[in-house]
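S.K.: Protein sequences appear in the order of chains H, V and P. Its first residue numbered 23, the first sequence is counted upward by one per residue in this note's numbering. Its first residue numbered 23, the second sequence is counted upward by one per residue in this note's numbering. Its first residue numbered 23, the third sequence is counted upward by one per residue in this note's numbering.
Source of the hints: derived by calculation from the structure; they are not laboratory data. Just so you know, not all the hints are guaranteed correct.
As the list claims (entries may be wrong) - Heads up, simulated DSS-like pairs for lysine-lysine below, C-alpha to C-alpha not over 27 angstroms straight-line:
id, chain 1, residue 1, chain 2, residue 2
1, V, K65, H, K243
2, P, K79, V, K273
3, P, K171, H, K193
4, H, K235, V, K98
5, P, K171, V, K227
6, V, K213, P, K190
7, V, K235, P, K171
8, H, K190, P, K171
9, V, K101, H, K243
10, P, K91, V, K227
11, V, K108, H, K227
12, V, K193, V, K216
13, P, K273, H, K91
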Amino acid sequence: MVILVKNLGNGIKSVTINDPKTYNSLSFATLRSLLNTFKKLDKDNTTKVIILEGSGKGFSAGHNLKEVKSLKKRTKYLKLFNLCSKLMLQIVEGRKPVIAKVHGAAYAAGCQLATSCDLAYSTKDATFATPGVNIGLFCSTPMVAVSRKISRKRMMKMLLTGEPISAKYAKEIGLINECFSKSNLNKEVLKVAKTIASKSNLTIKIGKQAFYKQLEMPLRKAYAYTSRMMTLNMMSIDAHEGISAFLNKRKPKWKNK
Amino acid sequence: MVILVKNLGNGIKSVTINDPKTYNSLSFATLRSLLNTFKKLDKDNTTKVIILEGSGKGFSAGHNLKEVKSLKKRTKYLKLFNLCSKLMLQIVEGRKPVIAKVHGAAYAAGCQLATSCDLAYSTKDATFATPGVNIGLFCSTPMVAVSRKISRKRMMKMLLTGEPISAKYAKEIGLINECFSKSNLNKEVLKVAKTIASKSNLTIKIGKQAFYKQLEMPLRKAYAYTSRMMTLNMMSIDAHEGISAFLNKRKPKWKNK
Amino acid sequence: MVILVKNLGNGIKSVTINDPKTYNSLSFATLRSLLNTFKKLDKDNTTKVIILEGSGKGFSAGHNLKEVKSLKKRTKYLKLFNLCSKLMLQIVEGRKPVIAKVHGAAYAAGCQLATSCDLAYSTKDATFATPGVNIGLFCSTPMVAVSRKISRKRMMKMLLTGEPISAKYAKEIGLINECFSKSNLNKEVLKVAKTIASKSNLTIKIGKQAFYKQLEMPLRKAYAYTSRMMTLNMMSIDAHEGISAFLNKRKPKWKNK
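This is chain H alone, in the form it adopts within the complex (with noise of 0.2 angstroms):
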């Protein structure tokens, strides 16, 4: 299977990309296997938190080279990079929050994967890059999901010419969240799925399709559309019981799991 799913408890569920031969590479087989992944741990309430991470050597080198130059065909492209974007969207507009467990190589679509998941943690070795002006192809699906977390000149830099950046200056820019020695990584990722999956799954879902929808409006339209979706999460049982919990200085017990 090119896409392991492993239960690590507490509604935490870990997605492996597992073709460590060609680097994790997305391939058509591999991104539509990640998209049925997703879409499936979208769907399932047992899930609350998920984990995104490669095995081998690093987390994803990007497209399939070697499919790319056999595909030929403009269609073929087209379809491909509608795929990988399609597989993207699912990650930022699905309900369940995505966190990225990055170590060796992000590179190009697999920069854009790490980055288009809600939060991202790395190795102190790990490096990011969108290299694709090296081989004639710019990044320019994997841009829009890095030029959305980091400055303008920073990632102008990184398009222009390709060289990569290390994980402490990408937690300086902003593209990941933090970086860790390789054998803290994962208990740190695991706590703060943890932290994550210990709140209420309703909250959180209405939460986090309001935060990307709001950030493409206009600011008047964002707070009318964002009071309305405050007021919606106010009238579920979760937010009754956490106020009850919180004013009675008890844990709170959700319901809408």
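Dock chains V and P against the given chain H, drawing on the hints supplied.
M.R.: Below, chains V and P without anything else, positioned relative to chain H:
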């Protein structure tokens, strides 16, 4: 009075949320009072800069949860969140620069309030959070303000975990401008306020309003719009006075206060 | 000549604003000359990368205030600001990467000019400012460029106080890519320019234009658009050559220079 307005001289007014018993919670009454205060100061020709702060232990803990719990009806919640949004929009769309002066905690709608100000300064031990997820009520309206100031992954971390961030980190990621020791905060904020108050009121008014408007436009439209605003500004007495003063190496005397 | 164009070899051209007596002020004549220079270089097939700098003490002090004062008529001001905006849009929408090489001061429209370039490098003692507020003329058009590169509170601080920021801070907040000692700036900028010039011209052209366009689109539209651009790019000789070279571990030979 829940809202105190003080005249600090030089056209600087301070607005204090004075409800320390509820950690300056933003109840219906407080929100209405704040909104009216900002509307009044915005029309007041003697006011050039506004400093916003909280009395007691900290800035503001956000909505008044006891009141929120008691509202129960959908229409009342929508009314509350709309009123809160109206206050934030008044600060952003108003003509006078507003500086948040934060000590202690600025949480949830309190964090939103500090973030909605044009500038924000805090003590070194101040903390910022969007902790709604802890009580089952995602910080959906606060994130509208905060997500327009800091990058997405950092915002998502705050929203999904509910954990507070330090003043030092808030400065690093652009949520506040600077943090100072408790003994220096007041002096430093006053210094910035005085600098701004020494400028032409008319110039600041044109500029502040143009700033937030152009940010929501595509580049070509933003240039067409600001070129018109700059022309309008240039036709004022103060621009001519300012340029004359600069060319003659003397201090300008503003007319359009 | 107020604008000097030099051929630095490897497809790298330098454009120098050569009006040191007015601190390279952006008068009508200079703006027109710069605009024409950039238009010409954009169509020139031997030009791959453009380096923009100022002669004398610094980069550029912005508009020519003596000229501005003399214009007097509303229509002339609008003409000036529109011409200035046209230059900035030409740099952004043009097909060739432009690198700002800044020493001394980049103020007002001079700061806007450096910011509008795809990349920016400076000396360690360079300073950046939007000081219009000091002369009663808010930096409304400069802020269009700067506010799309740095976060809002930092921009507001610059706009409302008019105070300059250091190169080190400009780097920290993403306004420039890096700062170097005076003796190293030229060498370092050339190194970046050479790296970029070694890529396929066609690839860079498709990528640069797609970059700024997709930034103004909502996520779904941005993905649909860049998927088409990436397909277009993939159908070019250079992408096939680049991928073949990569798979065969040899250097690519670009055709679309």
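S.K.: Each hint should be assessed against the structure and marked as holding or not.
M.R.: Now the hints, each set against the structure:
no.	hint	result
1	V:K65 x H:K243	holds (25 angstroms)
2	P:K79 x V:K273	holds (25 angstroms)
3	P:K171 x H:K193	holds (18 angstroms)
4	H:K235 x V:K98	holds (24 angstroms)
5	P:K171 x V:K227	holds (23 angstroms)
6	V:K213 x P:K190	holds (23 angstroms)
7	V:K235 x P:K171	holds (16 angstroms)
8	H:K190 x P:K171	holds (21 angstroms)
9	V:K101 x H:K243	holds (16 angstroms)
10	P:K91 x V:K227	holds (22 angstroms)
11	V:K108 x H:K227	holds (26 angstroms)
12	V:K193 x V:K216	holds (22 angstroms)
13	P:K273 x H:K91	holds (17 angstroms)
When the structure is compared with the earlier hints, no violation turns up for any of them.
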